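Novice: Please arrange chains B and C with the ligands on chain A, whose structure you already have, making use of the hints.
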Amino acid sequence: MKEQLLQDGKAVGDRMSRVDGRLKVTGAATYSAEYALPNLVHAVLVGSTIAKGRIRSIDTKAAERAPGVLAVITHVNSPKVPGFAAKQNPDEPPTIGQPLRVFYDDKIYFNDQPIAVVVADTLERARYAAGLVKTQYAAEPHQTNFEANKARGFLPTQAKRNPKSPQNDYDRGQKDGYQSAPVKLEAEYVHESEMHNPMELQSIIAHWEAPDRLTVYDKVQAVKGTQRAFAKDWALPEENVKVIATFVGGAFGNGLHNWPHETAAIIAAKVTNRPVKLVLTREQMFTMVGYRPKTWQRVAMGATRDGKLVGITHECIGQTSSYEEFTESSVQQTRMMYAAPNVSTRYRILGLDISTPIWMRGPGEATGAFALESAIDEMAHLLNLDPLEFRLRNHTDTDPEKNKPWSTKYLKECFQAGAERIGWSKRRMQPGTLREGDWLVGYGMGVGTFGANRGVAKVRAVLRADGSVLLQSATTDIGPGTGTAMVQIAADALGLSPDKIRFELGNSTFPTAPSQGGSSTVNTVGSAVLAACTELKQKLQQLGGAAFAGAAPDQLTLAGGQLGLRTNAAAKASLADLRKQNNGQDIEVTTEAKPGDARQKYSMYSFSVHFAEVRVHALTGEVRVTKMVSCADAGTIVNQKTAGSQMIGGAIGGIGMALHEGALMDDRFGRYVTKDLADYHVPVHADAPPVEVFFVNKPDTLVDPIGTKGIGEIAIIGVAPAIANAIFNATGKRVRELPITPDKLI
Amino acid sequence: MAQENLNPTAPADDHDEARRTFLKQTSVLTALALTPGPVVQAAAAQWDEKVAAAFEKVPLKLDINGKKYRLQVEPRTTLLDLLREQLHLTGTKKGCDYGQCGACTVHVDGQRVNSCLTLAVMQDGRKVTTIEGLAEGDKLHPMQEAFIKHDGFQCGYCTPGQIMSAVACIREGHANSEGEIREYMSGNICRCGAYPNIVAAIQEVKNGGQKV
Amino acid sequence: MNQFQYVRPTKQKAAIEALARDANAQFIAGGTNLLDLMKRGVMQPQKLVDINRLPLNKIERMDGGIRIGALALNSAVAEDQLVQQQLPLLAQALNAGASAQLRNMATVGGNMLQRTRCHYFYDTALPCNKREPGSGCGALEGINRMHAIFGFSDKCIAVHPSDMSVALAALDATVLVSGPKGERRIAFLDFHRLPGDTPQKDTNLEQGELVVAVEVPENAFPKNVHYLKVRERASYAFALVSVAAALQLDGNTIKAARLAMGGVAHKPWRLTEAEAALVGKPATEETFRQAAAVAMQGAKAFKHNAYKLKLAPNSIVQALKNAAGLA
Ligand SMILES: Cc1cc2nc3c(=O)[nH]c(=O)nc-3n(C[C@H](O)[C@H](O)[C@H](O)COP(=O)(O)OP(=O)(O)OC[C@H]3O[C@@H](n4cnc5c(N)ncnc54)[C@H](O)[C@@H]3O)c2cc1C
Ligand code: FES
Ligand code: FES
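Residue numbers (our numbering), protein chains in the order written: chain A, 1 to 746; chain B, 747 to 958; chain C, 959 to 1285.
Chain A extracted, bound-state conformation (with noise of 0.2 Å):
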């Protein structure tokens, strides 16, 4: 199969099988909390049972006395952490603010807090011992309440200082200009909290391998990102702090954040002096490590009879912690979406005694999607359209937003494509009115789109004696096959087999990277892999001699173990011979790639169109998804397979999002009583159906030299209001709270 690839020159577009598949199935693949370090213990955080307030007092004499316990850390004991005192207000994304400083004092911000960490000799010792701390409040009255708080929502403090900010109020034409048209709807849309709930619980291992080294195996998106913040927490130089990421398993955001328990177990690892593994529980995945906001928005539209957007205004407020401001791109897609002349766009967000929240696959546009992609429907639905063909009336061929042309746009291709794949000619007009039996079916469609973002990386290259090639680059992979697809990349770069090209990533010590989020991974790190390997090549030349000067790159292969090239079959240089040129050594370069100009000339994004067909039983209320077909322009598509993956992964993400998912509050206690996998529910094997992907896979090589342009996000952007309007296609009731459960269609 290898040879194949190399024959016709293309690794990129290939189903190739994971590179880590044997990793994984085998049980290998080593994730953060599975290092066996030796003298390794065990840490278990303890969280208040309050919401606000402060802590009065907390005894742990019982903990500590508790068999095998070696510490006890609370506000009152804990070591200060150096960089703690000067963290006030980082200006930066994600979150303006003061994040949560764990063990500093004895402030309560939220309901589950950690307020003391109990690290024990073994796991079951440490979670006993956990159980033993008693701690006396100062409650103070706490805001939890998103609708009794609405009023309060404000501008974040991001958009006050930068005019700039995409966070801003934003009119183009007349503000509010829906009103002025003949056909209106006004609509307010609400989801709860939604959490990320990997399957692989958020954990760490704390090594301090010197009183001045720190080492920790920690589950994050952001190997580089972890570094610099703990090298300024502990005021450590930054070669100081080695962060490992192997494998990560799920994240879907919540690693693009550092957290309270992650400082909590380096704080124990120092006072212990041991390597510590700290693991949180489920219920703690709730509190600690973010979450999509709940938010409500609400969406004025006005219409010509004739299907013409005349005005959408669409206002957003999304709820954050008292502490730190998050914010998302809520409202932006519905500046760029379709060709109506008048767009207003508000966002707002709410401080609440609440834990901060984090971007969630398909962040802010996966909330604003649901909305607007309703709202589209509701539109088409009262104009007596088909939503697609209104769709097609305000389909736009250059950005309204920022008047450029788009870099590519192919959204019309994946509208054919899927219309064609679901069936969207068996759609009634007339909702309510297609039914099987006691089911009743219909079918539904949503956009989405998301920047096609990319970032400056670095990735060291390395041809070793064995005439493998070695790359290596501090990014992650959460899951969507970021190794395989850059040794993709690289086999095509190289000419050489990928079985012959290894691709190393989650270790701080790498080549720099940013986080793996916003869907710019392979945009990113794979121009670095393009460039590297790239750069390799020329140094092959210039070491191989007269025979391959003036060669283009890409005429030069690595195969057999020795430079050739494609023109000319009878140049070659073993390997052996061009490292003798190279004093013997590997021959190895390190090559940074970065966006060009045409970021400033074009508007760059991808886009994806989701369509439906559920079932709804008439009597109970039960919702089944029975199909989907997902559409993606998201330019070259490097592994069929995996990108496949990604894009049958955020279509069932989108039907938890649609149908199941929720945290539920007690606003008396602020206190989440829905938290963990039995009553926060997300779809199970039984909730998914077959996902058919059509890919549009043309390059956009204004993006990046591969042509990619991003898939992660738009897999689930637009998936949750497919479904809320094929229900309403099925049922004639519209639900515009999520999620869509089957109380509310009875």
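If you're looking for bench data, these hints aren't it; they were derived computationally from the structure.
Since we're looking at a predicted model, the values are computed, not measured.
A hint or two may mislead.
Unchecked claim - Far from chain A by the CB rule (all over 12 Å, computed), these chain C residues:
no., residue
1, Leu1147
2, Asp1148
3, Ala1257
To be verified - With a straight-line Cα cutoff of 20 Å, these simulated PhoX-like cross-link-like pairs (lysine-lysine) come out:
no., chain 1, residue 1, chain 2, residue 2
4, A, Lys733, C, Lys1268
5, A, Lys733, A, Lys744
6, C, Lys1268, A, Lys744
What the hints assert, rightly or not - Covered, in the sense of this in silico footprint (three residues per stretch, anywhere, with C-beta under 8 Å from a C-beta of chain B), are these stretches of chain A:
no., segment
7, 14-24
8, 243-250
9, 271-282
10, 478-485
11, 648-659
Beta carbons are placed, not taken as given, at the ideal position from N, Cα and C, and that holds for glycine.
Specialist: Frame of chain A; chains B and C with the ligands shown alone:
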């Protein structure tokens, strides 16, 4: 009561011997007593820790992936924590610790169970198979091959549980249709949403007729 | 989890004695409920009596019915030929519960003795009269989507989560128990209790009593049965409402009926009046609607569970339709 005569610090063999003698001697009770009561209290009353720790533990025999283990464990240790934390068989995953996700699925005497909701001591004398014991040396189990081929995972964290469950699903005779597979695999959550690919992998193995 | 004494008797008598000696002792069977609660500090027994090596897992035909040992696994019962032929309603109910793995661990005795899934019961930081008598009922004025519409008290509005028990209630089963004072039989409908002023007591089992078996009498419902479970996802979730329906049909006329509901009360909710309303009537949707209306008399909802007032009767209709083959 006789069970307090047992010497819990004795090596497993002696322990068994003591147990056998005890069983012969006692006519009323044939209880297999594994933790002497006062000992637990002794620990709570802060006796010397090492003594207390030794007393808290009970002997346990397990066959794990064909290897025989003789262990001393605290009765409160779950099978999952024993595998992961003490035996470093970390292929079996913890996704919830409450029986709500299936990541910890292993086979006990050939049946799939959630190892987080059973005490290790309850499985005394049983045969446990974990993901590490599924392949035959270098040769992957057909289900492992099929998962790779169909990309039945992304992050890979639920994967060992899915595979153990999938193998059992076929062995139990619950893999006869896509619908049946989906229902009988529903105890294994995949947050990455690899479900359709997992079902495809199971169908291929089932239809391939290989021995699972 | 606290440390506890662990004993594993092989004789029933020893097990009962081991428990009787210690007010703080608990039997452990599959452990799927007890260990869950122990991990969260909801239950803290000082001693566990592991009953798994007692010979109580047989499923056998007996005079006038089928006897199922308390330690028979939920999966074993659901897959048993005899059960599938004669008690298909029970098999359906069992298969609707939990997951394949959990059913391989959960026992018949443990299933009926599983505790409520009420959020307030599960979180030791929140009030719950069932867990901590006198602390108040968190659900009464709290989040009560999942809670009772029948038979609750102002002390507790929790529901019993078992699916299996709903079928056993419909099938007039009897529970065989053995305790320090000897053996006794408890009608299944008297096994679980309503909360009243003592919600800490789920059942009428006395301290130290061991469930030995369940007997299901011969019945006229080898077919025309349906266990309908409405939940928030397609599988692996507790019921919002469930219905066990069994019909004996003579042509289109209902000769006998059994009906019970889950997810609506502190115990499996048998609907004898609705059954009476079915007998002698034609098996039509109209008849089922009337019976459902009878079933709902006296139902009362709280802030978040008003939907059950509609979902429950609708589910009864649907379950009966399915049982009658009308769907
Ligand atoms: C994630 C999850 C989902 C679930 N979903 C469902 C569902 O959808 N439907 C459903 O019905 N159930 C469901 N369950 C509950 C499951 O069915 C019960 O946990 C199980 O049936 C309990 O049986 P066990 O043998 O494991 O009991 P154990 O946990 O061992 O015991 C439970 C209680 O019964 C007592 N006990 C056990 N056996 C006896 C006996 N013979 N005599 C006296 N006392 C005894 C124990 O002391 C203990 O107090 C679910 C459980 C989980 C964890
Ligand atoms: S860890 Fe056992 S089921 Fe989740
Ligand atoms: S592969 Fe990530 S949870 Fe299943």
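Novice: Taking 20 Å as the top limit, are the C-alpha atoms of A/Lys733 and A/Lys744 close enough?
Specialist: 9 Å, holds
Novice: Determine whether the non-interface label on C/Leu1147 survives the test: each CB of chain A must be over 12 Å from its CB.
Specialist: 26 Å, holds
Novice: Counting residues of the segment 478-485 of chain A with a beta carbon closer than 8 Å to any beta carbon of chain B, are there 3 or more?
Specialist: As far as the segment 478-485 of chain A goes, the hint holds, because 4 residues have Cβ atoms under 8 Å from chain B.
Novice: Quick one, are A/Lys733 and C/Lys1268 close enough, alpha carbons at most 20 Å?
Specialist: Holds, at about 16 Å.
Novice: According to a criterion of three or more residues whose C-beta lies within less than 8 Å of a C-beta of chain B, is the segment 243-250 of chain A covered?
Specialist: holds (count 4)
Novice: Does the claim that C/Asp1148 lies off the interface hold, with its Cβ farther than 12 Å from every Cβ of chain A?
Specialist: Answer for C/Asp1148: holds, closest chain A Cβ roughly 29 Å.
Novice: Please count how many residues of the segment 271-282 of chain A have a CB within 8 Å of a CB from chain B and say whether that reaches 3.
Specialist: holds (count 3)
Novice: Taking a Cβ-Cβ distance under 8 Å as contact, does the segment 648-659 of chain A have three or more residues in contact with chain B?
Specialist: Since 6 is at least three, the answer is holds.
Novice: Are the Cα atoms of C/Lys1268 and A/Lys744 separated by 20 Å or less?
Specialist: 11 Å, holds
Novice: Establish whether the coverage given for the segment 14-24 of chain A by chain B is satisfied; the threshold is a Cβ-Cβ distance below 8 Å, and no fewer than three residues must meet it.
Specialist: holds (count 7)
Novice: Was C/Ala1257 rightly flagged as not at the interface, with every chain A Cβ beyond 12 Å?
Specialist: 15 Å, holds
The structure fails none of the hints (numbered hints given earlier).
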